[in-house]
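**Student:** For reference, the chains in residue letters:
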Amino acid sequence: MQEVNSSSMSDIAFLLLVFFLVTTTISMDKGLSLILPAEGNEMEVNRKNIVNVLVNDQGKVLFDDKPTAIKDIKRKAISKINGNSNIIFSVLTTKRTKYKFYIEVLDQLKQAGASKISIANPNY
Amino acid sequence: MKLNRKTKSSNEISTSSLPDIIFMLLIFFMVTTVMREFEGLDVVLPRAKNIEKLESKRHTSYIWSTKDGLVSVDDKLVNMSDLGEVMYVKISRDPKLTVSLKADENSLMETLTDIHSQLKKAQALKLNYSSMSQINN
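Protein chains in written order, with my numbering: chain A, 1 to 124; chain B, 1001 to 1137.
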């Protein structure tokens, strides 16, 4: 009886395996998640429930009208959340603020466990 | 009296099932592999600590934005005013779509705000700011 020689089958399979091992990218994309509000879905919010976080061009932060270093935002935000669980953090940047400062501020707020973060459109 | 062993067992490990094992591994990798589709633009991602993994690569669309304000979707440069339309087509094809925004750390918020408003227009509301994990404290 004639049979196909299958001794090289494992070699072929190995070759394919190595190809898929090499092309597989394991690195998953990671980042800060945010749900944008739907357009025209504006709500009136009590002024007491809003904390303004202003970020200027140089990456200096004004947290609730007080100058704050970026790494201190987390601590201050936690105490704000403990005082009022409905608090909304409104992040306002300028047009020339660098994205990296914005991410740092957002990261600090997320680390503090803030769930209600609003991104205001810069006017200037 | 001399005892003779009837069968002589060989010392070698049987390799006959090796192809089966390899094939199984191969099928596993074939199923799990998602080919990288797009090269993207050259960006330096910002660093953040509190980062989350994206749910699924299949339901993710990428937007690249460089520090010069260039915006690219699927390796095609897109005008800011057309971005909403491009994303709207994508979101209507896949309503579970998450947008992963790969913006350069030195890009200006002006660009980002424009992207935000275009995404809102396209109703692509699930957004993820792609960033690297921060190692030091």
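Honestly, the hints are just simulated from the structure, not real lab data. Worth double-checking, as some hints may not be accurate.
As the list claims (entries may be wrong) - Covered stretches of chain A (chain B as the covering partner; in silico rule of three or more C-beta atoms under 8 Å from a C-beta of chain B): (1) 82-89; (2) 92-100; (3) 107-116.
No residue lacks a Cβ here, since even glycine has one placed at the ideal position from N, Cα and C.
**Student:** Now tell me if each hint is right for this structure.
**Tutor:** Going through the hints against the structure:
For the segment 82-89 of chain A, the assignment as covered by chain B is violated, since 0 residues bring a beta-carbon within under 8 Å of that chain's beta-carbons and 3 are needed. Closer than 8 Å: that is the beta-carbon criterion, and the segment 92-100 of chain A has 8 residues meeting it against chain B, so the requirement of 3 holds. For the segment 107-116 of chain A, the stated coverage by chain B holds: 3 residues have a C-beta nearer than 8 Å to a C-beta of that chain, and at least 3 were required.
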